[in-house]
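Novice: If you read the sequences in order, they're chains A and B. Sequence positions in the first sequence follow this note's numbering and run 1 to 367. Sequence positions in the second sequence follow this note's numbering and run 1 to 262.
Keep in mind that the hints were calculated from the coordinates and are not lab data. Ideal placement from N, C-alpha and C gives every residue a C-beta, glycine not left out.
Facing chain A, a subset of chain B residues (Cβ under 7 angstroms, in silico):
1) P75
2) D76
3) N79
4) R85
5) E91
6) L104
7) G105
8) I107
9) S108
10) V112
11) G117
12) A124
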Amino acid sequence: MASVVNAPPGEGVVAGPGPARSGWTSRAAHIIVIVALLAVPLVSTPQWQAIAVFAAVSAIAALGLHVLTGLAGQVSLGHSAFVAAGGYTAIWLGADKGLPIWVWLPTAGLVSAAVGLLVVPFAARLRGLYLAVVTLAVLFVAEYLWDLWDGVTGGSKGRAAQPVVLFGHDLLDDVIAGPFMLTGDQQFFYLACAVLAVAAIAARNLSRTRTGRGFAAIRDRDLTAGVVGVPVARMKSAAFAVAAGYAGIAGALLVSYQTYAIPDQWDLMLSVEYLAMIIIGGVGSLRGAIAGAVFVTAIPQVVTLIAKVVPGISTTPSAGGGVSVDVLANCLYGLAVVAVLVFEPRGVAGISERVVAAVRRKGRSHA
Amino acid sequence: MTATTVLELADVTLNFSGVRSLDGVSLDVREGEVFGIIGPNGAGKSSLFNCVSGVYRPQQGSIRHRCREIRGARPDRINALGIGRTFQNVESFPTMTVLDSVLLGRISKQRVGVLRGMLWYGWAAREERESRAKAEEVLEMFGLGALRDTRVGELPGGTQRQVELCRALAAEPDVLLLDEPVAGMTHDEVESMVSAILDANERLGLTVVLIEHNMGVVMDICDRIAVLDFGRLVAVGTPAEIGANPDVLAAYLGSGAQADGA
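Starting from the given sequences, assemble the full structure and let the hints guide the process.
Specialist: Structure, rendered in structure tokens:
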């Protein structure tokens, strides 16, 4: 009995679906890829630095939806409402009360998770399309609330958000040390990546424990799940709370980076974007959720670059004639969602797995 | 016959919008026995299991597990009390690995919640290791250890049934409800399943209730058998008594009075 648990903790004992056990070389490859990605903002233009920050922050929210939809199978169109709840909690604590990031960041997650639990009495009874409609209703109620509650949200005009101050240094101020310079965007990017890393590891751990298996059970067969011993309603509550908590933390970082928040930004479109992220990345894949966040965030900028070469795309909102960048970007990621659903339901994660497998085969046949 | 009663059904009645699926069924299952339930299709056998495991809530009657009323309790609570079950149409989780499926079955024994699970430290990691050891132990009983990382959906039906039984056993139940455990199995698979059931009964001391159409198996391994027909209990007795009971033959073959329309 003891012989099977001799593997070191966190290694062989970790049960979980996924690609074949990664060897030493593929682990090294992972590290190289991650370091390369982290280095990108150091050498890129300010526009791309900003996109990198938005992508990292969106990825945190997308991970929340990954837990709720990818792992537990519960669809939500209300994700942006929870992002907003976290954002306004952070503004209230950070800007109005002057509390530091150590307080407002975790509290934003906790408050948003608590708000997420409010959905549970409805969510536990409904599934599929009906659940989607309820979460849509939550979103609309929240949008209305943000407009009315101007003491916190500043009403429809919006308001300034809290800065990130670490050890007396405003993170958005550039740091210059001799010949080296770290822009505010770069610093914020690394903060967001640190939070993202913690969020990703926590999500991965969760998927490998009791709760993760319970999530998978209610996703695949929620009637059987109960008989097998899964407390179905409690698992659904947990999934909503975790998703909302992640959204809240993302919201707190988002408003801080924007330096303002307006009620209009927490709309249905934002919720749909988060859904698009996890679908494009591959539903159920943690890395896919992050890749999808990068993809969806980067598309408008990519389209702007294309617009300089291809005629018929207007880069200014008011200019007549041609398709605007926003519209084209939305069309593109809409197309990407459809393409993924039709051609590779496992999304970017599935595609990359296939590419890696193909490269390995090729390498072996050449050797 | 001084053995204690583990499962006691009294006057259990279940209606589906006017259709009576179970009609005043009363029976006792004693500690440590293998109890068979037989009857024609639609007799209410699976409905009876669904009432005991909390999927259906019967309108009348009482269901007691070791003197505790469980009628209408939530399925996961009933599972946690020690009543495990398998399904007639295998209810496996096709995308999970064999090991994960069995670990899932252990969920009622696990305590680590969301926050500790996220940290994967201390108690959470220890609980996973303990659960994994237990799951491996159950898989070894069936010689399924080599398949631990295979996805359940890729396995043949007979093996999926075995995995489902492992999943139920992982919760360390004291009563096992098996709904047609050898249906659709090859001769060899039937033999290994029967020996696994007897193992669970004799070595682990589990009380087994099984629904089965394979009369050879039922007559062979059951201590007592109950016969259901049209939701009513027709007879209860030893295999020999049941084999000689005219009412049972009537239920299966149709007596003169009932078979007129057929």
